[in-house]
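K.L.:
Listed here are the chains, written in short residue letters.
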Amino acid sequence: MSKIVRTVAKLLTPAILLFGLYVIMHGHITPGGGFQGGAVFASGVALLIVAFGAGRVEQFLKEHQLSMLESGGGLLFIGLAFAGLATAFFYNFLVGSPIFGHVPAFGPNPGDIWTGGTIPLMNVAVGMKVIAGLSAIVLVMALASSKQGEDE
Amino acid sequence: MDALTAHSSILAIAIPLFAAFLTPLVGKLGARTRNVFVVVVLAFVEFLVLVLARDIYANGIHLYTLGAVSPSLAIPEHYMVPVRIVLEVDGLGVFMGIISATVALAGAIYSISCMKHETGQDRFYTLLLLLTVGMLGIQFTGDLFNLFVFLEILSISGAALAAFRTRFIDAVEGGFKYLIVSTVAALMVLLATGLFYGQYNLLNIAAIADVMQYTALDKIALALLIVALLTKSGGVPSHWWVPDTYTPAPAGTSPMIYAATLACMSTMFRVAFTLYGVKMSVATIGWLIIIAGLLSMFVGVTMALRQTDVKRLMAYHVISQGGYMLLGVGVGIAVLGDPQALAAYGREAVAGGLFHVMNHAFFKGLLLLTGEALFFRLGTRNLNRMGGMGRNMKWTCAFFLIGALAISGVPPLNGFASKLMIYEASYQLNPMLTIIAMMVSIMTLASFTKVFQSAFTGPELPEYKEVREVPLSMKLGMGILAGATLFISLFPSLVVNTIVYPAADALLNQAGYIGAVMGGG
Amino acid sequence: MSEFLANIPFLAVAALICVALYIMMSQRNLIKVVMGVVILESAVNLFLVTLGYREGGVAPIFTNAPGTLMVLPVPQALTLTSIVIGVATTALMLSMIMLIYRHTGETDAEKSRKVKG
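Those protein sequence lines, which keep their order, are chains L, B and V. Residue 89 in our numbering is what sits at position 98 of the first sequence, and the numbering runs on without skipping anything. Residue 67 in our numbering is what sits at position 80 of the second sequence, and the numbering runs on without skipping anything. Residue 61 in our numbering is what sits at position 57 of the third sequence, and the numbering runs on without skipping anything.
By construction, these hints were calculated from the structure, which means they are not laboratory data. Treat each hint with caution, since some may be false.
[As the list claims (entries may be wrong)] Here are the computed lysine-lysine pairs in the BS3-like style, where the Cα-Cα straight-line distance is at most 27 Å: (1) L:Lys53 x B:Lys15; (2) L:Lys53 x L:Lys1; (3) B:Lys437 x B:Lys462; (4) L:Lys53 x B:Lys103; (5) B:Lys437 x B:Lys381; (6) B:Lys452 x B:Lys381.
[Stated by the list, open to error] Derived CB-CB ranges, DEER-like: (7) B:Arg372 x L:Gln50: 25 to 35 Å; (8) L:Met59 x V:Arg106: 22 to 32 Å; (9) L:Val(-1) x B:Phe34: 56 to 66 Å; (10) L:Gly70 x B:Lys15: 38 to 48 Å.
Cβ atoms here follow ideal geometry from the backbone N, Cα and C, with glycine treated the same way.
Using the sequences and the accompanying hints, generate a full structural model.
P.N.:
As structure tokens, then:
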């Protein structure tokens, strides 16, 4: 890709990745959540692949690492669901506890993000899974098509 | 034990799901550990389903509300309708659950040796566990949207499994077709779900059935659901994907994809009986399903007669035998509005159809496994290039004989028992139905005689002199299904009375299904 | 007039479904078939979102609950789930097409078809 694309990608990628993480972490109070944020994050990875080529990205982002992260996200999500099993599967056992346990009052509560019980944690789990999954898909497809280009 | 019983329905779905994500990590510890892990998980799922079955046969419908203060409380306080995700398992759900879990266990055990030399086995077992999740999920859920989600889990994992041996082009094509068909079918289910939600603001099957008005939109939704699920269960006219997908499916997965197909079929019955029940024009729908069944039987068996690929031939029999199930249950739907006819032969027809589902999952699964065993040892599925395998592969030959005799409805075996029930019941609706069904049965016997002669009897071919019996785990996998087939053959009335009739009654008892969620009935 | 305006999304859904079905029936190129499936998916998603829309409603956030008109949250959750699943199926379909292409050098369904029934 041209120098312009690379320069812009360098500038934008950190912002995109950070925004993706923000959307994941604030999923329980603003529109967004694990999947949306993960998709934003993965689009940053896609930008890197477009600008610098799949080969360069693959040097520091291996597919097997991504699949480990993906499994980890899945395990965390279902693990949280299992953790509520004392009452019922998926029971929100963190409500009222010190971790994300605050029950908000009706009306706007600016700055109160310490709510939602297990939901923010589940957003993080889904975020991990989606970041890893989508990045891996983009990466593998880009690698496969660039290899095919070399064959021909 | 009580806690285990109370949570058994969700655990049967959640544990394989958890294990599916864990499999790549366990795979790091070595192939043997991972195989043991997968088999133990599936054996535990089977155990959970049996615990659940014991509970249901003793105490009636099992409810589980996810995330609720008490799992058995479907409707939260101060609400009139269920808002959470509810699992509702009745006689039919657990009946299909037992079938799915058993086939999954046999398939996984069979796959251990069969997949030994393939690459990416971690992924294979992950998909296998996910397929189990999908199968159990669509049976246990009491919620239309979750039905869609589990249907998609089932489709994606099924398609990826069918296409697993990517070095064969037909595998990729079969998987691709399956995926396209399933995605379109699942989107039709989602559209129907949207139609219900727009009218009633409900997603729960029981709650929708309770307030069903059978408006024009409901009719559209019914058409969408029936077409989508008939497609997924491989009935004519949308049967064309079945042979392409089943033929290349690797190792123990073709019986599992078959069980998934049957799960979709039983979901179709659930939609017809429970969601709509007598509110729809039962005679029309019933006869449509009967006609689809007759066409499936006939088209399937005639196409099977001219196949030379052993698994492709069996896949056409999947279509044809699916026709019997549609015929049996279709007769039940057709007389649903007539209590007298229902008591006289409708109930028996439904039970016969469901009994055939169960028998089939076991012996057709067994046959598909023997086909795969031949491919595993010979490297070909072409019947014209086989011969004399009965000498070298005695066990496979014996398993094949059990399956082939059962599928053709030869008397002491279970295929005869279920076909007899369907014959008796359908005869009372219209004798023509029975005659066609019997003809198809004879053609089935002819077709399997051909397979037996070309593959197992005849002179020993020189190029296959060195061929040995399949390894232990494959024999074990086939043995489980053969054992189940023989058990049902020996004690047909026991099986029919303990698990088949409760399943049929669960279908016919719409008020019970609604009442379990909505209270009061 | 406003009655008609309110129905435009549903007409769009019907049109998209027809387009998608036409593409899937008529096209032989596998990539185009997948495009048809994706259009069908978008049609269903649009249908679900439209169902949940209430005129003048705000985003369904729990703490705004009393007294504020909100769009329905459930169809949004359904749509989101269906989008997630759609991503997975599309990725799987496209990777299968890549494999078919690698085997045959074709993405045309007629030319690449090896299996005959």
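K.L.:
Run the structure past the numbered hints and jot down the numbers of the failing ones, going up.
P.N.:
7 and 10
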